[in-house]
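Participant: Taken in sequence, the protein lines are chains A and B. Residue 89 in the numbering used here sits at position 89 of the first sequence; the count goes up by one each step and never skips. Adding 332 to a residue's 1-based position in the second sequence gives its number in the numbering used here.
Note that these hints are calculated values from the structure, not bench results. Warning: the hint list may mix true and false statements.
[Stated by the list, open to error] Here are the computed lysine to aspartate or glutamate pairs in the EDC-like style, where the Cα-Cα straight-line distance is at most 16 Å:
| id | chain 1 | residue 1 | chain 2 | residue 2 |
| --- | --- | --- | --- | --- |
| 1 | B | LYS408 | A | GLU232 |
| 2 | A | LYS274 | B | GLU427 |
| 3 | A | LYS279 | B | GLU427 |
| 4 | B | LYS620 | B | GLU639 |
| 5 | B | LYS356 | B | GLU390 |
| 6 | B | LYS378 | A | GLU223 |
| 7 | B | LYS623 | B | GLU598 |
| 8 | B | LYS417 | A | GLU223 |
| 9 | B | LYS408 | B | GLU396 |
| 10 | B | LYS345 | A | GLU141 |
| 11 | B | LYS356 | B | ASP539 |
[As the list claims (entries may be wrong)] Reference listing, derived: stretches of chain A covered by chain B, where coverage requires no fewer than 3 residues with Cβ under 8 Å from a Cβ of chain B:
| id | region |
| --- | --- |
| 12 | 229-236 |
| 13 | 264-277 |
Cβ atoms here follow ideal geometry from the backbone N, Cα and C, with glycine treated the same way.
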Amino acid sequence: MRAGLFSALGLLGVLLGLGLLLWGSVSLPLDSLFGVIGDSQGADQVVRKILLELRLPKLAVAALAGASLALAGLLMQTLFSNPLAGPDVLGISAGASLGVALLVLASGGTVVSGLAGSYGLAGAATLGAFLMLLVVMGFSEKVGDPTTLLILGLIFGAMAGGLVSILIYFSEPDQIQSYLLWTFGSFRGLSMEQLWVMVSLLLPGLGLAVFLAKPLNALLMGEGYAASMGVEVKGLRRKLLLSASLLAGGVTAFCGPIAFLGIAVPHLARFLFKTADHKVLIPACLLVGADLGMFSELVAGVPGSSLSLPINAVLSLVGAPVVFWVVLGRSK
Amino acid sequence: MRLEGRDLSIGHKGVPLASKLDPKLYAQELVCFLGPNGVGKTTLLKTLVGLMPALDGEVFWGGEPLAGLSSLERAKQLSLVLTGKPLAPLFPVLELVALGRQPHTGPFGRLGPIDQEKIERALELAQIKDLSNRFLGQLSDGQLQRVMIARALAQDTPTLVLDEPTAFLDLPHRLSILNLLHQLAAQEGKSILLSTHELDLALRLADRLWLMDAQGSLVQGAPEDLVLSGDLGRAFGLSGFDPLTGGFTAVHLLNKGLVLEAQGLEAVWAKRALARAGWAALPYSQTKLTKVPDGPWVLTGPPGNGEFLALGDLVRHLRKH
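My request is simple: use the sequences and hints to build the entire structure.
Facilitator: Below you can see the structure in the form of structure tokens.
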């Protein structure tokens with residue numbers, strides 16, 4: 001049953017990936033794909049360029065961002081033992097936004113381009129995310145009540161948003177534009193070099209999380225129980241903090257603050273697999289997250305037209321009902 | 333000695349709640365930890381199990397100082413059942429019990445045949461085999477408590493510590509949980525320490541009691557010894573503790589008397605009902621209450637004759653006058 005679900009999600013991912021490669025403002029036939037894979041000389045160079053330089057990075061970014069945000073959401077929900085925790089609710093995305101705003105607006109908007117720019121952007125977003133998570137965690141050790149903590153996260157997010165507004169107020173229009181474009185959220189327009197920078201941030205975060213599956217299961221019962229089962233709770237908190245900010249920060253740096261995916265996917269995964277075991281939920285969140293990321297990119301691209309919707313709008317329309325369902329389900 | 337505190341001071345953030353405590357838990361015994369609310373029972377438990385630092389003094393587990401044990405070594409010595417529910421309603425019971433094996437498994441928590449065996453045994457001991465395919469959200473409070481105990485048993489430690497395992501349960505479930513723990517101590521050789529407010533049940537089932545009074549001093553001993561020495565009555569500082577039954581008696585103002593003509597159980601329960609209304613059974617009185625075999629209660633004399641099928645009706649009648 002579990003293996004079947006995993007295969008189905010994997011197959012869905014492959015189909016969505018194919019869809020992303022073939023459909024877009026120009027639709028390509030399936031054999032053009034084989035042409036590019038099989039024989040690089042004979043293939044149409046325009047088709048080749050579209051596939052390898054535009055659609056493949058887009059596909060990779062959508063899948064990676066979806067998977068990473070979903071995993072970050074899962075880690076946060078277990079860490080805060082709160083079903084509504086996630087990168088955007090607890091102010092982590094706001095922290096990343098503040099980092100990027102500071103960098104972009106302070107440097108005159110030039111840092112967004114080029115490889116050095118991608119490292120700078122990634123560094124600023126990850127550092128911002130990490131610092132915000134650190135503040136929230138600091139309070140989480142004082143405030144035991146998860147609901148209070150959630151409200152605190154929202155307040156910190158609002159404060160970061162306020163600082164960003166002040167920065168924007170004192171900035172030149174072109175600086176503002178490069179920042180605003182970033183906040184819309186997009187899986188597109190990344191060069192292969194930028195993609196590699198993103199991967200180099202996400203992989204350590206992912207690798208760390210995989211080794212935390214066992215203590216995460218113990219943490220589900222609360223910190224007292226976890227400690228009584230041999231978990232070094234403080235160390236685990238720090239590792240979760242690091243992993244979540246690498247994952248959320250890495251994605252936010254290159255794709256902008258992406259809404260809802262981080263909260264919604266862990267619930268979908270739990271619902272589908274009927275388990276709380278992180279050894280199942282971590283791969284499940286990665287798969288469901290990647291599928292949802294690719295699906296929303298496919299919808300956002302509006303196949304057959306030259307339209308492209310903001311990714312956050314599409315995700316909110318998919319993600320909001322899931323959060324709604326969780327809130328309703330818990331009030332029963 | 334499984335668990336021991338020496339010259340222990342406990343409290344929050346440097347403010348002592350109680351000091352100079354020497355609690356002891358021996359092998360294969362069930363100890364019930366009693367005391368009024370707010371005297372620091374949970375604080376002492378948390379200090380003993382290492383979830384809180386001691387302000388002064390030292391805690392020993394199996395003769396070793398607690399501070400010298402790694403968290404993994406601790407997890408193999410002592411398992412916990414805490415108050416509060418885990419938040420995940422979609423947590424399968426079997427997975428939760430299997431968490432108890434964590435200290436014994438490798439970095440990815442893969443369960444071997446020995447682990448499966450211990451989990452199976454824990455389910456059996458806690459009598460929840462039929463619940464193993466359910467989710468936590470589907471359990472009653474009593475069932476959930478058994479699942480938490482099964483998880484602690486799967487951890488396979490010589491010592492179990494439970495913080496108020498009977499809170500929020502109704503009487504039959506309180507009794508069954510305490511009976512289960514008593515069996516585990518007597519038959520499985522576990523050392524079990526639990527805090528509770530169930531004085532009645534604790535007096536019957538515990539091998540020893542720890543009593544903490546409002547002044548923060550700790551008295552230990554077999555329940556019978558503590559009753560005979562008067563420590564039990566003093567610790568609670570309550571009137572109405574009846575050393576004859578080991579329970580609490582309600583204090584009634586008895587200012588009227590009647591002659592009771594009834595036998596056995598009916599006489600016992602009629603006395604209770606009468607006491608509630610302020611009447612005592614006397615050798616001589618103008619008023620007489622007679623139980624007709626297989627018939628009603630018949631009252632003659634003041635405050636007025638009457639026949640009653642139920643004692644409740646009789647009490648209402650007596651109160652009216």
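Participant: For a quick check of understanding: which of the numbered hints are violated here, in increasing order?
Facilitator: none
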